[in-house]
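Engineer: Listed here are the chains, written in short residue letters.
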Amino acid sequence: MPGVEGYMYPNEIELQWSVLIVLYPYITGLVAGAFILASLERVFKVEAVKPTYRLALLVALAFLLVAPLPLQLHLGHPERSFEMYLTPHRSSAMAMFGFVYLWYLMIVLLMEIWLDYRKDIVEWAESGAGFKKWIYRILTLGSRNVSAAALRVDDRVGYFITLIGIPSAFLLHGYVGFIFGSVKANPWWSTPLMPVVFIFSAMVSGIAAVLLLYMLTSKLRRAPIDMRCVDTIGRYLLYTFIIDFSLEMLDLVHRLYEADESLRALDFMVHTKLFFSQVILQIFVGTLLPIALLGLTQIVKLAENARKAIYVAAGSVTLVSIFAMRWNVVIGGQLFSKSFLGYTSYKMDFATREGLLPALVLLVLPFAILYVLVKLLPPWPKHEAAA
Amino acid sequence: MSCGYVRTFPWRGIPWFLRELRVKGEWQGSDLWAPELHARAGVKDFFRSTEHLLRVVLLLALGVVAFLVIRRAVVPADFGKYGHFRPGALDDIRAHPIKFAGREACEACHSDQAETKSHGKHAQVGCEACHGPLARHAEDPSSVVPQLPDTAVLCARCHEANQAKPKTFPQVITAEHSGGLACNTCHKPHNPQLASGG
Amino acid sequence: MEMTRRELLKKSSKFILLTSAAAAAWDYVLAGNVEASPNYDLTKHWWAMVIDIDKCIGCGNCVRACEAENDVPSGYFRTWVERYHIPDWTSEHPEVDSPNGGHDGFPEKYKDGGKTFFVPKMCNHCADSPCVQVCPVGATFRTPDGVVLVDQKYCLGCRYCIQACPYGCRFLNPKTNTADKCTLCYHRITQGLTTACCEACPTQARVLADLKNPKDPIHEFLRTHSVQVLKPHMATGAKVFYKDLDGSVR
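Chains as they are written, first to last, in numbering that gives the first Met the number 0: chain A, 0 to 386; chain B, 0 to 197; chain C, 0 to 249.
All the pointers check out, no bait thrown in.
According to the in silico footprint, chain B covers these stretches of chain A (three or more CB under 8 Å from chain B):
| id | region |
| --- | --- |
| 1 | 77 to 87 |
| 2 | 140 to 152 |
Covered, in the sense of this in silico footprint (three residues per stretch, anywhere, with C-beta under 8 Å from a C-beta of chain A), are these stretches of chain C:
| id | region |
| --- | --- |
| 3 | 67 to 80 |
| 4 | 154 to 168 |
Keeping only pairs whose Cα atoms sit at most 25 Å apart, straight-line, the calculated SDA-like set for lysine to any residue is:
| id | chain 1 | residue 1 | chain 2 | residue 2 |
| --- | --- | --- | --- | --- |
| 5 | C | K110 | A | G5 |
| 6 | A | K272 | C | H92 |
| 7 | A | K183 | C | D245 |
| 8 | C | K242 | A | E260 |
| 9 | C | K110 | B | A151 |
| 10 | B | K43 | A | V152 |
| 11 | C | K174 | A | F81 |
| 12 | C | K54 | B | R102 |
Bear in mind the hints are in silico, worked out from the structure with no lab data behind them. A quick note: this is a predicted structure, and the numbers were derived from the prediction, not measured. Cβ coordinates follow ideal geometry from the N, Cα and C atoms, glycine included.
Using the sequences plus the hints, can you model the full thing?
Structural biologist: Here it is in structure tokens:
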């Protein structure tokens with residue numbers, strides 16, 4: 000049989016979850032990570048990262064709006080997806096998706112953005128022109144109340160929302176880890192560490208994404224990059240990466256030590272089918288290299304340009320590495336047989352419903368949405384609003 | 000809420016990230032309603048500064064109501080009767096057409112073949128195991144005329160020698176066994192034993 | 000609008016009563032038909048299957064019969080047969096093959112006298128099924144009589160159940176775009192027939208059983224023979240009992 004080595008159960012040969020299911024945890028991971036970075040300022044009072052606060056929220060929103068799309072494309076019957084709201088099966092982690100998503104989108108993210116921007120929205124509704132003016136008017140929800148008392152209420156409620164937003168973000172992405180981690184049939188997935196690893200790698204990717212976008216948008220606007228801000232973000236990226244790497248290594252060491260019946264088959268798979276994506280891309284180039292680069296900035300006093308170059312390099316490599324991590328989990332878990340006697344291959348088409356093309360479009364779409372959001376709700380301080 | 004209550008509540012014991020929310024000092028002079036901006040704090044002022052939030056709450060409430068109405072309309076009333084599923088599914092599955100009639104149906108009409116078969120080694124082999132699915136024939140015999148299977152192909156499926164087959168099972172290498180002759184040249188399928196006991 | 004308190008009470012109570020009446024009527028309309036075949040009692044059966052490895056000859060009749068009875072699409076299998084070959088005691092693992100699921104039998108491959116046998120596989124209709132546990136909407140479920148089924152009109156095609164099954168018995172049906180698997184010929188067994196695979200098996204290697212029927216031969220069988228289930232460490236409550244299943248079977 001083409002693409003099969005050894006023995007696979009006949010129904011296992013074709014992969015069930017495609018690159019779109021790799022994309023989904025990647026996107027929600029970026030959402031969770033960006034939100035955690037925003038919460039650093041709001042809840043943990045890290046003043047240094049304030050320049051990225053509004054940007055991080057908009058990045059989270061742009062990606063969150065795209066998040067259900069890979070799932071809808073993947074479903075055999077996307078028109079029935081509303082059933083998850085109508086008759087959710089309480090024993091299924093996947094049934095949680097609709098509610099957690101709605102909760103996070105509306106109560107956490109939209110409310111927080113609305114409350115933070117409300118004063119500006121009212122201003123723009125009154126002073127704006129044309130089509131945009133009507134959008135702002137709708138966004139005010141009919142209330143023009145921006146008295147000091149009202150704004151103080153906004154601040155308090157916004158703080159509280161960010162506070163509950165942190166566990167909500169963990170839930171939004173952690174449940175995906177649980178979806179994989181709770182499948183006892185699949186030893187590559189089944190581990191209690193899975194939700195934790197997912198969350199920490201999500202934070203890594205989200206922080207890297209906001210870091211890169213901040214540097215990019217500052218460059219495009221010809222605005223100075225706040226070095227104190229990016230240095231702080233870089234430090235948090237380093238710490239989170241170290242925790243993430245430790246967790247992944249813990250999982251690996253544990254597996255190698257216990258050496259249960261699945262080890263031989265999985266070990267062979269990592270050394271052959273997943274060698275490039277896991278060993279090279281995820282571990283060496285994707286984790287050890289950024290940790291080394293970021294670690295360097297902490298040990299040696301480097302010039303501003305050198306630090307900027309490191310942040311760009313480390314950030315970009317990180318984004319690729321976390322995608323590779325999702326790939327290795329989702330695709331890797333389906334490449335070996337549950338009989339531990341064989342392997343199959345993943346044939347990714349290009350222009351089909353679950354092919355490479357829709358995956359690329361879905362990767363680019365959040366940036367297009369972000370562009371619209373940034374134009375509609377500029378996250379820059381007024382004196383810097385240029386391009 | 001009395002002033003005494005506010006004063007004696009152990010605000011010092013609350014976690015650092017919640018201290019932001021506490022109301023400092025007396026009721027009237029609280030941080031929340033900035034006494035320098037209001038002559039007196041009261042219910043009216045409270046609503047004036049939070050009415051935009053109430054609009055949001057109203058929108059959400061409308062959404063919840065709409066959802067409940069849709070749910071009532073779309074989900075079958077007996078969902079969950081036997082478990083977390085739609086009982087109508089059982090009807091759907093049971094409505095699937097039957098293709099194999101089962102040996103009892105065949106024996107009702109073909110009692111002579113059934114009698115012959117019951118004395119031989121093929122007694123346990125169902126009629127449709129060789130003749131294929133014939134429920135439509137059983138229902139209306141003239142509508143479907145069953146084709147007799149080609150023994151050269153049919154018999155080998157079970158009786159071609161294979162190391163994986165149980166040793167006690169009768170198996171031959173057909174090429175050597177019959178020299179190319181069809182199996183029913185010598186063996187009658189319904190009672191395949193040869194007269195000499197082969 | 001001027002209204003006395005009495006008028007208000009009258010109007011509102013009328014409104015409430017009519018709404019509840021309308022709601023009850025609507026419920027009745029939506030409830031649909033009671034299940035057909037009222038003489039089949041769901042609570043009086045607990046279906047299982049017995050497979051005797053010593054009797055299986057790998058003819059593939061069961062695979063073909065299932066395909067014919069249930070319109071199984073080509074290349075996917077509600078049931079299939081595997082052939083195991085263990086050359087000698089030094090083998091690290093058995094050699095297994097299943098050409099087209101055993102649909103057309105097995106070409107002769109081994110002539111070394113090693114341990115070789117067939118293992119028919121199918122959905123185990125687990126009592127504590129992990130596939131039912133993970134379905135997000137209740138499209139796959141276990142009936143009160145012990146059969147795990149898929150609601151083809153409700154399934155989203157998310158494929159979580161296919162991932163959760165330890166035995167590889169599920170697949171996505173390309174015609175319906177929903178999950179699909181062995182139904183234990185539910186449409187047959189609820190009418191007193193046996194499954195298509197059991198009907199077609201020439202050696203009685205596969206036999207349907209009803210554990211709640213005191214007269215069913217399975218009770219004596221379980222008492223007098225050594226039986227195993229696949230992957231017992233998964234604690235799925237599998238109800239397909241294998242007699243003489245070798246330890247090397249995956």
